[in-house]
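Heads up: the sequence shown at position 163 corresponds to 163 in this note's numbering, and the numbers run straight through without jumps.
The set of hints was computed from the structure by calculation and includes no laboratory data. A quick note: this is a predicted structure, and the numbers were derived from the prediction, not measured. Any given hint could turn out to be false.
As the list claims (entries may be wrong) - With a straight-line Cα cutoff of 27 Å, these simulated BS3-like cross-link-like pairs (lysine-lysine) come out: (1) Lys319 / Lys387; (2) Lys139 / Lys387; (3) Lys181 / Lys376; (4) Lys373 / Lys154; (5) Lys376 / Lys139; (6) Lys139 / Lys154; (7) Lys4 / Lys74; (8) Lys181 / Lys387; (9) Lys136 / Lys297; (10) Lys280 / Lys183; (11) Lys342 / Lys280; (12) Lys90 / Lys48; (13) Lys327 / Lys376; (14) Lys74 / Lys48; (15) Lys215 / Lys167; (16) Lys167 / Lys181; (17) Lys395 / Lys152; (18) Lys81 / Lys57; (19) Lys319 / Lys183; (20) Lys51 / Lys74; (21) Lys342 / Lys297; (22) Lys181 / Lys297; (23) Lys4 / Lys183.
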Amino acid sequence: MDFKRYDGETEEQLLYRIGQMKDELGYSWQEIADVMNSLLDYDYSESKYRKQFCAFKKMLEANDDIFSSDDSYKQELDSLKHDIKSERLKLQTLNLERNRLDREEARHELFYEQIGQYIQSRKVAKLSPLYEPRNKNVKYLLGIADIHANAKWKTNTNEYSMDIVSKRLMKLLVEVIQFIKEKGLNELNIVLLGDLIDGCLRMSNLQTMDSTVAKSVADISDMLIGFLETLVERTHIHINLFDVVYSNHSMPRFLQNYDIREDLGYTINRYIRTGLRNNKNIDIYSPLDGDICLDFKIWDFDIIGFHGHTERNQSEAIKNFTMERRKLYDYSVCGHLHCNQKTAVSLDGFHDVENIQFPSFCGDDPYSNSIHKISKGACMICGFDEKYGYVESHKIILN
């Protein structure tokens, strides 16, 4: 068998490798000595190589326990290396997060610095107005609905009687006079939206009446005449009074064959006309005979006024009247439901087409309390811009 010496192999390593194969190859120590002398160019006896191999082998066997115990030492060392690596990764992670926060903070600072530099370097441009501001021309409409004069009740939230009607009209007068003076008005539109009296709807109303129906007609007429005359006297204003006349509580239901022209709202209207016939600062408008609605204008806006008892859905009323009368209305105004709300149903040009529901003068009553539909007694003033239509409202609380 040919033997070779490996590169970098020491004499001892060569002897141990060949000596390990002695029994496998069936060599004697003399044959081993011949191989070693041939490879190393020596002339040693077999005794020299045999003794050297045996000594080397004994040394390895004697240190076998030390070499085997190195495994546990190596495992402990590996565990320490792992712990050190883990701590190093934790530190790197913290450094990465810190660097990220530092970069984010630096970006914010740079962002604001750049904005500041841009603002300082930018020249202020002189801007000419896109359009000349126009003078705001607004006409106002005061809505008075559901006075229910002659009704009398007392609840936890409201008390009502003819004396209270008089006091509330006085409060309304003071508020409207102040409003007219603040706005510097020379004209005011007023709409009466029905149910000015109470007691004609059903026989049970007689139980809550403050006086007779006939007397209440005269009383509320006199109160409204006094209200209008005092308003003109204190403010020297021109008033356009629009009266829808017809409503449900002024219908004389005790008549078997009821005719709309028998409505006591018509009597109140004639009473007011007669009382104000000599006042040139008040113009009164009312519907044609048999019509439950009143058409009028503010600026060029077509408005239809009605009480509201004939409409199941008042927000849709303006659409219904437009179809029925073949006339495009811009606004509808009504009362009846004793609450204040507005609903836009369409648009036209620069304004919305809206239904405006005015609050009740009387406020909540025992019936509204029983169905949990309550609101304060109030009137409302609406402002109509010449271009943009209904743009503002002012609610006057009366109780």
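Evaluation of the provided hints:
1. Lys319 / Lys387: 22 Å, holds
2. Lys139 / Lys387: 11 Å, holds
3. Lys181 / Lys376: 25 Å, holds
4. Lys373 / Lys154: Roughly 16 Å separates the two Cα atoms, so the pair holds.
5. Lys376 / Lys139: 26 Å, holds
6. Lys139 / Lys154: 37 Å, violated
7. Lys4 / Lys74: 35 Å, violated
8. Lys181 / Lys387: 23 Å, holds
9. Lys136 / Lys297: Holds, because 19 Å separates the two Cα atoms, which is no more than 27 Å.
10. Lys280 / Lys183: Between Lys280 and Lys183 the Cα gap is close to 23 Å, so the pair holds against 27 Å.
11. Lys342 / Lys280: The hint is violated at about 34 Å.
12. Lys90 / Lys48: Distance ~60 Å between Lys90 and Lys48 Cα, so the pair is violated.
13. Lys327 / Lys376: 35 Å, violated
14. Lys74 / Lys48: 38 Å, violated
15. Lys215 / Lys167: With a Cα-Cα distance of about 18 Å, the restraint between Lys215 and Lys167 holds, given a limit of 27 Å.
16. Lys167 / Lys181: At roughly 22 Å apart (the allowed maximum being 27 Å), Lys181 and Lys167 satisfy the hint.
17. Lys395 / Lys152: 24 Å, holds
18. Lys81 / Lys57: 34 Å, violated
19. Lys319 / Lys183: Given pair Lys319, Lys183 is violated - Cα atoms ~33 Å apart, limit 27 Å.
20. Lys51 / Lys74: 34 Å, violated
21. Lys342 / Lys297: Distance ~19 Å between Lys342 and Lys297 Cα, so the pair holds.
22. Lys181 / Lys297: Roughly 24 Å between the alpha carbons, so the hint for Lys181 and Lys297 holds.
23. Lys4 / Lys183: The hint is violated at about 122 Å.
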